[in-house]
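For chain U, the structure is supplied; the task is to place chain G on it using the hints.
Chain order of the listed sequences is U and G. Counting in the numbering used here, the first sequence runs from 1169 upward without gaps. Counting in the numbering used here, the second sequence runs from 11 upward without gaps.
None of these hints come from the bench; they were simulated from the model. Each residue gets a CB set at the ideal place from its N, CA and C atoms; glycine is no exception. Hints should not be assumed to be uniformly reliable.
[Claimed, not checked] Using C-beta positions, here's what the derived DEER-type ranges look like: (1) ARG174/G with ASP1271/U: 27 to 35 angstroms; (2) GLN28/G with GLU1340/U: 54 to 62 angstroms; (3) THR1408/U with ALA43/G: 25 to 33 angstroms; (4) PRO94/G with PRO1292/U: 20 to 28 angstroms.
[As the list claims (entries may be wrong)] Calculated pairs, DSS-like style, for lysine-lysine (alpha carbon to alpha carbon, straight line, at most 30 angstroms): (5) LYS47/G with LYS1336/U; (6) LYS1336/U with LYS1351/U; (7) LYS1329/U with LYS1351/U; (8) LYS39/G with LYS1329/U; (9) LYS1351/U with LYS39/G.
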Amino acid sequence: MPPLAELQHHFAQAVLSGEVPTGLLAGTISPAEALSIHRDTIMDALVNALRLSYPTVETLVGEEFFDWTCRIFAEANLPKTASLAIYGEAFADFLAGFAPAADLPYLADVARLDRAVETALRAPTPQRRFVIDVAVSIVLPQSLTVLPLMYPADEIRAGIKDDAIMAKIVIEPAQRFILVWRKGFDAAVRRVSVPAGRFLISLLAGEGAEAAFHAASACEPEAVVLSAIQAELFAAPFCTVISTLEELRP
Amino acid sequence: MRRDFLPCAAHAAPIPAQAGVGLRFPHHKPVMAGEAKAAWFEVHPENYLGDGVIPDILARVRRDFPISLHATGLSLGSADGIDPDHLAAIAALASRIQPGLISDHLSWSSAGGIHLPDLLPLPYTREAQDIFVRNIDRVQMTLGRPILIENPSVYLAFAHNEMREGEFLAGLARRSGCGLLLDINNVAVSAANLGEGAAARLHQMLDDLPAPAVGEIHLAGHTVRECADGSHVHIDDHGSPISEEVWGLYADTVRRIGPRPALIEWDSAIPTFARLADEARTADDVMATALEVCHATAG
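So here's chain U without its partners, still in its complex pose (with noise of 0.2 angstroms):
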């Protein structure tokens, strides 16, 4: 018998593979079958993992062409730790360039936003302070992130259980900013304008209020901007705004 390293490197090759290691196997179920059982475990616990992190894509496309692309995704892209939660990563991408779903461009992005709800709920609780100018500053939750998408994956997910809402969301490409936050025991989501998203991407990357109003500045005029910043920003429930001179204060 080879040493523990080596048996268990080519039992997971023939695992993976299907071809039967010769003498190694005993038992009265014959090895091959013994391997397939051990192949669909494994290629279920992967499906199954990436069916709770993308739950609005399986029920666009329906449970068996989901579980035939995820089976796809997955004998390519196996897992290297024992923390499925954190699985499929590439999953998005995987769908933006899978030729049978190409019928349906919205879809990688629809993963993109089922995949940032659910690490937002994986998100530690404490929150971000980010300096506006000398007298303000704002706190955002950690959980807090900004997806460019170019499909309303929001309008989808919203919808998606009622066919009569689904009709009317319209499927054009244009660029959109939505933003997902853990809210208590859930995520919430919420589409902000494009000089509003382009703001927070700027200020979340660590580039300072300054320039990120800059970034935001550049399609649009800078009362807009503010405008923009100020009501689905600074306004918003996530956000709380502090007056730097009130902490001062004695």
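Below, chain G alone, put in the same frame as chain U:
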């Protein structure tokens, strides 16, 4: 060399010798709302690692119930050793939840940097036992407490096994100080797949295992599938009711080793919580009846 550990962490709520229920995601809400109760709950820690809502839910449940952590991903039989990041994540969860018991399987899942999410079989050799003891040592030193090791369901055996499964497990307990988790359904499944009688396999296992080391019992269902050659394979899918055969083996076990915490374990086709609670009541009844028989015989 055997190491002595505290029986469980200082702040852990001990797991009572009653039936508990495997807590799965569909039952989070009724359990948190106080609508679904059990003497104790067991979870797979791999589903609750890190930050966020899911571990917060477990912490909420822990306020009201003892919790046992039943890991599936430590890959204790891997010749490559233990993934330090995964072990650290399990240790962080254990520190937060203070579980009454922590367990994993007599199996491996990782090789060559790839993790295969299944409980793959080990050859029962001295080399494999040495490696397993080394890995248990590392886990127990990190957690600061003993863990339980569960007998697996197997679909094949290795031609070069040097000892029985029970002897392998007993050696682990003796050499590492770990406890054991006896899965009765796995005994039945392995027996069927290896062409043995379930009762004979169980009794051999109970002969081999040091009874005081058995800290928990698992009860679950399995399915039977017909193979292409007309033979049958028993699959440990935890997706059907506990069989009459397994209930009978459980009663035999209680008569041999006495009462232990016994888990009702479902992982697929998860039924309503009421059905899980029914199976938990049945487990308590089977245990009580088996003990009465013991006492009557002794009297």
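Cross-check of the supplied hints:
| no. | hint | in the structure |
| --- | --- | --- |
| 1 | ARG174/G with ASP1271/U: 27 to 35 angstroms | 57 angstroms, violated |
| 2 | GLN28/G with GLU1340/U: 54 to 62 angstroms | 60 angstroms, holds |
| 3 | THR1408/U with ALA43/G: 25 to 33 angstroms | 30 angstroms, holds |
| 4 | PRO94/G with PRO1292/U: 20 to 28 angstroms | 21 angstroms, holds |
| 5 | LYS47/G with LYS1336/U | 44 angstroms, violated |
| 6 | LYS1336/U with LYS1351/U | 28 angstroms, holds |
| 7 | LYS1329/U with LYS1351/U | 22 angstroms, holds |
| 8 | LYS39/G with LYS1329/U | 21 angstroms, holds |
| 9 | LYS1351/U with LYS39/G | 16 angstroms, holds |
When held up to the earlier numbered hints, the structure conflicts with 1, 5 and fits the remainder.
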